[in-house]
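So the protein lines, in turn, are chains S and U.
Its first residue numbered 1, the first sequence is counted upward by one per residue in this note's numbering.
Its first residue numbered 1, the second sequence is counted upward by one per residue in this note's numbering.
Because the hints were derived from the structure by calculation, they are not lab data.
Keep in mind that a hint or two might mislead.
Claimed, not checked - As a list, the in silico BS3-like pairs of lysine-lysine whose alpha-carbon atoms are at most 30 Å apart:
hint, chain 1, residue 1, chain 2, residue 2
1, S, Lys330, U, Lys180
2, U, Lys143, S, Lys19
3, S, Lys330, U, Lys17
4, S, Lys329, U, Lys187
5, S, Lys314, U, Lys5
6, S, Lys329, U, Lys210
Model, not experiment: these values are computed from the prediction.
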Amino acid sequence: MEKFYDIIHQAFDSIRSQKLRAFFTLLSIAIGVFAITFSGSLTNSIDSTVNAQIESLGRYTFFITKVPAIQMGGNDWFKYRNRPEISYRQYLDLQEKTEDYAVVTGSAKSTGFTVKFGDLETDPDVTLVGTDHNFFLTSDLEISNGRALLQSDIEFNKNFAIVGNDILVKIFPNNPDVIGKEIKIDNKPFTIIGTLKPKGALLGQSQDNIIIIPLSQFLTKFSSQWEQDVVLIVKANNPVEFSYILDETIGQMRIIRNLKPWQDNNFEVQTNESLSDQFGSLTGYLTYFGVFSGIIALIAAGVGITNIMLITVKERTREIGIRKAVGAKKRLIVLQFVSETIVLTLLGGLFGTIFGVVVGGGLGIFVGTSFTISVKWVLISLTISVLLGLASGVFPAYKAASLDPVDALRYE
Amino acid sequence: MNNQKLILTEHLSKIYKMESTIVAALQDINISIDYNEYVSIMGPSGSGKTTLMSILGCLDSPSSGSFYLDGVDVSGLDDDDLAVIRNHKIGFVFQTFNLMPRANCIKNVELPLIYAGVPADERHERAIKALQNVGLGDRMYHKPTELSGGQRQRVAIARALVNNPSLIFADEPTGNLDTKTGEEIMKLFADLWRNGNSIILVTHEEDIAKHAKRIIKLRDGLVIDDNINPTPIYI
Ligand SMILES: Nc1ncnc2c1ncn2[C@@H]1O[C@H](COP(=O)(O)OP(=O)(O)OP(=O)(O)O)[C@@H](O)[C@H]1O
Ligand SMILES: [Mg+2]
């Protein structure tokens with residue numbers, strides 16, 4: 001076998017002799033490998049970010065909602081749509097019936113609100129969360145100034161607000177003393193009782209453009225009568241009995257919603273595990289899509305590489321004749337041309353990988369997830385590049401090895 | 001075998017079948033060549049010289065007849081076995097030099113040693129020695145394109161010699177060279193012969209053929225004359 005250097009050298013000669021074709025072929029390998037590494041690494045990052053996020057909500061927390069958080073496929077849309085809302089009444093009932101072993105938080109959320117103070121106002125993009133005094137036990141939001149909601153604020157339907165940083169920056173540009181000030185949310189007056197600690201962005205979206213008000217206020221002032229849907233966040237008091245508490249709570253919820261024993265649940269229960277599973281299948285689709293389009297590009301590249309190598313073999317017929325004349329066995333000729341092909345595809349693969357890691361990293365920074373360069377996917381891509389070289393190089397190499405030495409030496 | 005020959009052929013023939021015609025490139029060739037002979041195969045264009053050399057050089061197989069090289073019946077061997085024989089026993093020098101244009105002289109001369117499995121260091125050493133033996137000690141790192149025709153042919157000869165073959169074939173080795181350079185190459189072959197090599201020289205030129213000690217004449221694929229040359233040049 002010749003030295004590795006010689007094989008690389010020959011591979012570059014093959015590229016140089018057919019620049020344009022080689023360029024497009026290397027490009028399509030790079031695109032294919034890029035699609036694979038990039039989607040693989042990006043979904044990895046999203047997964048880990050989402051998991052960290054879910055984890056921060058607490059492992060022993062679950063959600064009761066009317067419809068699932070993520071719906072795959074459209075078939076069940078009507079089934080979910082026709083379910084009765086989870087009402088304020090049901091929320092209070094569940095809170096009362098489970099108070100021995102769990103903390104129930106009710107929450108409702110809507111977005112697109114304008115907040116005003118004096119002459120200053122925000123864009124109509126503020127998210128409003130109606131919730132209760134337990135909210136801060138089950139959420140990772142924290143108060144930086146003032147106080148949280150009290151049970152009495154909800155009971156007596158007080159127009160109090162806890163305001164996120166993005167809003168403060170806009171309507172109180174140089175006024176740090178905001179507690180007690182009266183703001184207008186869609187022209188309805190609210191008194192600031194607290195401010196939220198800034199959290200930064202997640203998936204490109206600020207998490208600080210938010211106002212928290214009593215759930216009762218939210219339902220009476222900001223949602224129409226037929227949209228009185230509350231999300232229930234249940235936190236088990238005792239982690240050890242989590243699964244028992246989960247069952248018990250579901251049982252209570254069925255009683256509250258008047259379900260007969262033979263009827264299915266008309267609400268969704270989402271543990272953090274099931275939520276991260278759903279995210280997992282979403283990112284799984286993303287990965288499949290990336291890998292699939294990557295493979296298409298690689299198949300195209302493989303055909304291109306085979307072509308380049310066939311032309312190379314033809315151009316180097318005489319050289320092959322010489323090699324055979326001085327005693328090269330068939331399999332050494334095969335090995336030489338396959339190795340050259342692998343050097344080619346690996347080169348394209350390397351470009352694609354570097355590109356994928358860089359772009360993936362850039363996008364990761366842009367959308368605010370911590371981007372992890374996925375060594376697994378880099379290795380997968382490079383392995384695929386090698387296999388591609390092998391697959392597309394075997395035929396030309398075999399053709400080279402089967403040349404008749406006399407004919408090859410006579411070839412002009 | 002007692003008096004084993006280097007080459008022995010019996011009723012050797014080569015027939016090319018094409019769509020409409022059949023060409024008998026060689027017919028009933030019976031020749032025997034000893035170790036350390038210096039033989040010319042001579043004949044007009046199309047007489048079958050290259051075909052004969054290809055078969056004797058194990059590049060090609062005969063259509064019929066038998067061929068013993070070094071006492072071994074070669075006609076039944078497969079491609080890889082023939083490759084091994086070429087690698088160990090045979091060196092080729094061609095009219096068109098047939099060097100690898102992108103590799104320097106040493107790389108070119110090393111090639112047979114690579115396929116012989118010789119370690120890199122030894123390969124390098126032997127290639128340098130072979131190049132020095134043909135008078136190219138000062139051109140070893142040049143590429144063929146940077147050399148004159150005569151120098152290129154010397155590189156080819158060094159490559160033919162580097163694995164110490166028992167037999168060297170030269171097909172019109174001076175065909176692409178001017179007379180003076182051609183003479184220098186012929187002197188080199190005479191030296192090789194004196195050093196114990198067996199040489200088969202293929203040519204259509206009487207003047208070149210006369211350097212050998214024995215001349216086999218071909219016409220239309222038949223041996224028409226096989227005689228000792230009483231006055232070989234340079235010998
Ligand atoms: N691959 C082939 N297919 C068909 N016919 C061939 C083939 N190779 C050689 N021949 C024929 O065999 C005959 C002998 O050819 P060969 O090349 O041996 O001649 P030569 O004596 O070397 O001639 P030259 O001096 O021109 O090189 C010619 O008639 C040629 O056309
Ligand atoms: Mg010829």
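Here is how each hint holds up against the structure:
no.: 1; hint: S:Lys330 - U:Lys180; in the structure: 40 Å, violated
no.: 2; hint: U:Lys143 - S:Lys19; in the structure: 23 Å, holds
no.: 3; hint: S:Lys330 - U:Lys17; in the structure: 26 Å, holds
no.: 4; hint: S:Lys329 - U:Lys187; in the structure: 33 Å, violated
no.: 5; hint: S:Lys314 - U:Lys5; in the structure: 39 Å, violated
no.: 6; hint: S:Lys329 - U:Lys210; in the structure: 36 Å, violated
In terms of the numbered hints stated before, the structure departs from hints 1, 4, 5, 6, listed from lowest to highest.
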